[in-house]
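Asker: Just so you know, the sequences run in chain order A and B. So for the first sequence, the numbering used here puts the first residue at 16; every next one is plus one. So for the second sequence, the numbering used here puts the first residue at 120; every next one is plus one.
Hints were generated in silico from the structure; no laboratory data involved. Just so you know, even glycine gets a beta-carbon here, dropped at the ideal spot from N, CA and C. Check before you lean on any hint, since a few could be wrong.
Derived list of chain A stretches under chain B, where covered just means 3 residues or more per stretch with a C-beta under 8 Å from a C-beta of chain B [said to hold, decoys possible]:
#, region
1, 96–106
2, 192–203
3, 486–493
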Amino acid sequence: MLIGIDVGGTFTDGVLFGEQTVLATVKQPTDDRDLKNTLLKVLDELLKERGGQEINRIVLSTTLVTNLLATERGDRTALLILPGPGLPLETYRIFADTYFLKGSIDFRGRELEVIDRGEVIKALEAINALGIKKIAVVGKFSNRNNKQEQEVSDIIQDRYPEIQVAIGSETAGQLNFLRRIVTTYYSAMTRSAWEEFVEAIKKALVARKINATVDILKADGGTMPLLLSNTKPCETVFSGPAASTMGAVALTMEACNSVVIDIGGTTSDITLLIDGHPLYASKGARIQGHYTHINAFSVRSIPMGGDSPLTIENGNISVESRRRGVAACFGGQSPTVTDVFNHKYHLEIGNLAQSTEILSEMCGKNNMDKNGLCQAVEDIVIERLQTTITEMFKEWENEPAYRVWEVVHGRRFDVQEIIGIGAASASIVPVLARRMQVAYRIPVHAEVANALGACVARPTLALKLHIDTQNGYYTIDQEGLRGSIPLGKSMQMQDARDLAQVHLLKMAQERGMERYAADAECYLEEQFNVIRGWNTAGKIFDVGVQISPGFIEEYQGVRK
Amino acid sequence: MKKTAIIFFPAFDWAISPTHPEREERLLYTRDQIFEEGIMDLPQIKEYKPRMAEHKDIARVHFCVPDINAQITEAHLISAGSSLVIADAVMNGEVDNGFALVRPPGHHSMTVAHGNRGFCNINNEAIMVEYLRKKYGLRKIAIVDTDVHHGDGTQEIFWHDPDVLFISFHQDGRTLYPGTGYIEELGGPLAYGSTINIPLQPRTTDVGIHHILDNLVMPILDEFKPELVINSAGQDNHFSDPLANMSFTAQGYAVLNTKLAPDIAVLEGGYSVETALPYVNMGIIMAMAGIDYSNLREPDYSPARIKESPGNMEYINKLIKIQLANFRQREDKIAQNRIEHQKMYKYHKKIYYDTDGINEEQSTQLCMCGKCAGYRIIDSSARARWEMNRVLCISVPTYGCPECQAEAQRVYAEMKNSRNNFSYIYLQDRINDVYRSLEPARSLETVL
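Here chain A stands alone, though its shape is the one from the complex (with noise of 0.2 Å):
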């Protein structure tokens, strides 16, 4: 049996899955100071009726990082950076306590100028003088060549052996560096909390006599061992959306173009599936308001869900974003979202009665008519849904593209359905479906979608293979791989290719998933010829391959 949970910013949600059934489902309020205790509550009410002996697999998605990181409690860490020429390096001071170092690489991977072991020793004093125990080494183009931030940080472990180092090119090996500088910084300032919560996970697990694997969800709806995590901590950030999503695709598998549109109580969620694949934020996940290396499903949040309250001031009425309490018809105190559809469609949500009564009052009181105040709160909020929605289509339309054929064949996004999942999404999406025009669905199970998404989501793997024939090497964008091609070797796309799927397989090996590596595909392929003179002088390659998301070999759907 699986097990998965999804811990949430305001709820808690776990499903035990087995024989194509769910088994249970379990709803708790999120404790925000005590997360590992929420998410083993939510454990043992699934496993009530069970013996831990009996899960195969439990797949865990929390919000751990993402809260150490949006109320800054991480480790205190500096940043030691190796700017070479370009940009300001005002540009590139975005955190406290960040040293600049002589050094600098270029796009070939090739040495400018070499790092000043008198000003590494110095910043590092300056640094230990602090107290600070982390360090984040990042360079310019170290994806090309690492050499630099491996010196500096062969100098920090000789010095100060106590103190924790991340380096750029192991952390986040693709192209853009400031991107790459604050994914290697909050990786390395989360890393200490992350392997606290592993290590009282696996004990709690013990305790349970539970010996069953244990999986993380990612950003990119992917999962990777709990034992792997520690490296990479900020992977989890946002896995809440990319398990709603996750669970929407599992209940509905069907490969065509839709909206998944999770509402909740107080935020919708928006994603679009294309030929039924998440469609990821193309420069990453956003922290903090900056852009990062971590993968992540572009997820539009809208602050308006089923319990936003409704306000009329000077005869104006709007949803208000702040949540003041559940809906009317569920006992609440004043009226909502979801009073004013389940009113206008008689949906029985709670008691119906109570919604009605509640509008009445508010009319009463603003002298307004029910039927209007019904109306103009819909047009408020399917207005509100369609307009995001819209964004997101033309967004993904406009992307930048740098191929002639990309060019030539445009995009279109052409809405097929729209899938509610989430506590309010009964009610708003028939109605959004109505006015856009197109086929909806409410799967069964929406409710629990995001913890079944996380139950039954397999283990992502990613790289992209740099080649570079004239000066002999390739790099990888992942923990900083790198091998030399012996000169003068000619080498083509399929060489290349193959290159690749070996890497990737390993690695799929190092992390029990190489079952999935046969479904690995390839992503990008470019391939230049270097020319100098008039003669090719090498060849450089850039590929990728990955194991996309997708699910778990037992999980064929859900049994109705």
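We have chain A already, so just place chain B on it with the hints.
Answerer: Using the frame of chain A, we list chain B on its own:
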């Protein structure tokens, strides 16, 4: 801080030929540099998606022989279209300025296009100028061509247009392709002085060019008062360029763009793909967005090695004096030309297409109109290896007068109804925005 629009279109799947300077690799390292810097993530920068220009956008400028499809690939439409996206973003006020970092380039393409000249088929800047006029009603526009090669295509297209100020500085034509761009080339009889050439000695440095900018280009721009300034931004004045011999630096290019403050820049040439382009392109973007570029330097940069010679400064000062005078007497000169020349001003010239090996002969007749820039009739014959095309091109200026328009339409109608030996006859009616093409042998007319 300024908000700057960028379209980066490296055309990674297009080349003239595999080892040609204009090949896939050209903007590869520029891609690496600007993406690694993370400049697209900065709040000052807004990246736009390229689009394809429409055939009509091209017909507004060029007479493509026999038709537009014969002269372009999809890459050309995207390169031209991207400039139009940037133009729209600037005109709509979404941004303060914009840079179309695109290939293929266009500044050697002339009005009549029989083939590829100097790596160019259609002229991106000219297409943008006519688009800006048609869509936004702009009239006075300045183009400053900062490519090391003379922008002979752009010069030819606006030769008779007094409302487009074309300034080109370039390595002296006696030492470099295309071998034109002398100070005597000042524009047609009704547009005298709105073409200004600044031929420079090989090895001219940042100091030399900034001196010219301060003392010639900027004063002329101030007096001309254009509604929009375009930088036709070649990057081959760089000291490392393999096809030219100048001594500019990335810093030099950045300062140039700060001083010039173009509303729109469009990439032209530049073939030092590793040592110059990544840094020069960064410099242009940073200058346009108002980002401090003091930390920008290319690897081989050594200020001590690059010194301006006193002899060259003397030459530059002389050139400034001559061109200022030429520019300032333009109105008198035009008035004089109107009196001196007959109703139709005629001239003859030869054009060579280096890339495609085509020889073209042109006879042009310009109406010496008293009210507008005058309509034009170009009789053009081109001989490629195995074929010969003779075409007649009739062009009405965008801000032409009704008489010139009527006369041009009459000439076209007359030709249509007469027996003649032209392969094609074209009418470019920019007032009505209608473009006709006639193949007399088959009596086939197409209208855009």
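Asker: Establish whether the coverage given for the region 486–493 of chain A by chain B is satisfied; the threshold is a Cβ-Cβ distance below 8 Å, and no fewer than three residues must meet it.
Answerer: violated (count 0)
Asker: Examine the region 96–106 of chain A: at least three residues should have C-beta closer than 8 Å to a C-beta of chain B.
Answerer: Holds, because 8 residues of the region 96–106 of chain A bring their Cβ atoms closer than 8 Å to Cβ atoms of chain B.
Asker: Mind checking, does the region 192–203 of chain A have 3 or more residues with a CB under 8 Å from chain B?
Answerer: Result for this restraint: holds, n = 3.
The earlier numbered hint that this structure contradicts is number 3, and it is the only one.
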